[in-house]
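Enquirer: Here are the chains, one letter per residue:
There are 2 protein chains.
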Amino acid sequence: MATTEVPDIVIGRLPIYLRALSLLHQEGYEFTSSQELGQRLGIGSAQIRKDLSFFGEFGKQGTGYEIKYLQDQISKILHVDRDWPVVLVGLGDLGQAIANYAGFASKRFHIEAIFDSDLVKVGQSVKGTIVQDIKNLSDVISNQKIQIAIIATPAVVAQEVADKLVECGIRAILNYAPITLTVPEDVHVQYIDPVMHLQRMTYYLI
Amino acid sequence: MATTEVPDIVIGRLPIYLRALSLLHQEGYEFTSSQELGQRLGIGSAQIRKDLSFFGEFGKQGTGYEIKYLQDQISKILHVDRDWPVVLVGLGDLGQAIANYAGFASKRFHIEAIFDSDLVKVGQSVKGTIVQDIKNLSDVISNQKIQIAIIATPAVVAQEVADKLVECGIRAILNYAPITLTVPEDVHVQYIDPVMHLQRMTYYLI
DNA sequence: TAGATTGTTAATCGATTAACAATC
DNA sequence: TAGATTGTTAATCGATTAACAATC
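Those protein sequences? They're chains A and B, same order as listed.
Anchor point for the first sequence: position 102 equals 200 in the numbering used here, and the numbering is continuous, going up by one each time.
Anchor point for the second sequence: position 27 equals 125 in the numbering used here, and the numbering is continuous, going up by one each time.
No lab work stands behind these hints, which were simulated from the structure alone.
A quick note: this is a predicted structure, and the numbers were derived from the prediction, not measured.
Do not rely on the hints blindly, as some may be mistaken.
Claimed, not checked - Stretches of chain B that chain A covers, calculated by requiring three or more beta carbons in the stretch to come under 8 Å of a beta carbon on chain A:
| no. | region |
| --- | --- |
| 1 | 125-134 |
| 2 | 151-157 |
| 3 | 218-226 |
| 4 | 231-242 |
Claimed, not checked - In silico negatives: residues of chain B with every beta carbon more than 12 Å from chain A:
| no. | residue |
| --- | --- |
| 5 | Arg-138 |
| 6 | Gln-145 |
| 7 | Glu-164 |
| 8 | Asp-170 |
| 9 | Ala-200 |
| 10 | Gln-245 |
| 11 | Glu-265 |
| 12 | Pro-276 |
The beta-carbon is built from N, C-alpha and C at its ideal position, and this holds for glycine as well.
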């Protein structure tokens, strides 16, 4: 229970737990156990208990975990018990889809500004958010104290965009461009590349 | 070099190598080394060499790897040296975006059929592919011998859809619905959930 | 109380890394 | 040849799991 630097792989599982708890809650359950949770997620019950033990004691012997309480606790741990403003860079087909995706706002991630280098797109409005020239990037990020960016540009300009974002003070990047980004080690990057997931599965086919 | 069952985590890195090689190739390079590759990817050079050694010997001492050759070899290993037909289930906003995304076809994954339960959408055409009633699922999959499916339905019906896909013989599922699926162990599932990636990063913010 | 399930320890398992002989 | 880099071994490191006392 000491603050011994929680492994990132453990942090990576917390959102999975949160998602499962959310579902259990929706289904009307009030309590669950590490065993039930593990069953649903295909994870060992011991691992779930161990993961949670990095942060405190959230259960009761004999009865397990109160779903709503555990949800709240994990939300606090992950800092998702608040709204997060986000900037989106790139408004091609992919950027359009991201801007229109309701799933972000429903989890309290709000796209506050959209940037594109194409002046034809600048001035257009997507879901009430006006597309801005990428020249305004720095001002918007510092004025609104935004820490999170989503990159949805072509791969060729993604590194350049990332550099600019880092320079503007962005601390976390969700990158949809199919390229590994180089950033300072205090900046976090996560990748979304559906093709890579498909390529990983075809290894096992035929 | 024996066939000792390659760890899945190694398979998961091959597409990353492939992506980097592709980029190096585009940039006009002809040779690379495990060190250069590792530098770009933030991975140790020893790990890259170890990963590749599961499959054979692809480099030369002193000079490293011929990019084009290594690309071809990894492509063969992953079975992405061929076209793969794919079915898409669910044509909401997300499904629309997936159907319109050029990145799949460019890597030889072709959406051959789209299914939706909404009869209003059935008959519509997206990029030349006509939306079909989900009742035709079984026929299409068996006639075209399709092994890969993409789920882009609401979370509440995703498990039900997955069950049906498995029943029809699907062997690999790319799931965009925010829910952990339960499938037989010979069926592969990969998840795309951008919100989870964001939640993982906010842990480290403020 | 009896049954269930937690939190935690210690053992196991697996993955990463450092080092180096082989060799281009 | 001299320099560079591979493929592989062995050592290290870290993550998962089994087991169980504690306790609701």
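Enquirer: Non-interface claim for Pro-276(B): all C-beta distances to chain A beyond 12 Å?
Expert: The claim is violated: Pro-276(B) sits with its nearest Cβ about 6 Å from chain A, within 12 Å.
Enquirer: Under 8 Å between beta-carbons, do enough residues of the region 218-226 of chain B, three at least, approach chain A for the coverage claim to hold?
Expert: violated (count 0)
Enquirer: Quick check for students: does the CB of Gln-245(B) sit more than 12 Å from each CB in chain A?
Expert: Given that some Cβ of chain A is not farther than 12 Å from that of Gln-245(B), nearest at about 5 Å, it is violated.
Enquirer: Could you check that no beta carbon of chain A comes within 12 Å of the beta carbon of Glu-164(B)?
Expert: Nearest chain A Cβ is 21 Å from Glu-164(B), so the label holds.
Enquirer: Would the least Cβ to Cβ distance between Ala-200(B) and chain A come out above 12 Å?
Expert: violated (8 Å)
Enquirer: The output says Glu-265(B) does not contact chain A. Does that hold with a beta carbon cutoff of 12 Å?
Expert: Glu-265(B) is indeed farther than 12 Å from all Cβ atoms of chain A, at 18 Å.
Enquirer: Closer than 8 Å, Cβ to Cβ, for at least three residues: run that test on the region 151-157 of chain B against chain A and report holds or violated.
Expert: Violated, because only 0 residues of the region 151-157 of chain B bring their Cβ atoms closer than 8 Å to Cβ atoms of chain A.
Enquirer: Any Cβ of chain A at or closer than 12 Å to Gln-145(B), or is the non-interface label fine?
Expert: holds (14 Å)
Enquirer: Are all beta-carbon distances from Arg-138(B) to chain A longer than 12 Å?
Expert: At roughly 6 Å from the nearest Cβ of chain A, Arg-138(B) sits no farther out than 12 Å, so the non-interface label is violated.
Enquirer: Verify the coverage statement for the region 231-242 of chain B against chain A, using a C-beta to C-beta distance below 8 Å and requiring 3 or more qualifying residues.
Expert: With 0 residues in contact (Cβ-Cβ under 8 Å with chain A), the coverage given for the region 231-242 of chain B is violated.
Enquirer: Hey, does Asp-170(B) actually stay past 12 Å from chain A on C-beta?
Expert: holds (14 Å)
Enquirer: Just to make sure I understand the rule, a stretch counts as covered if three or more of its residues have a C-beta closer than 8 Å to a C-beta of the chain. Does the region 125-134 of chain B meet that for chain A?
Expert: violated (count 0)
This entry does not satisfy hints 1, 2, 3, 4, 5, 9, 10, 12, going by the numbered hints stated previously.
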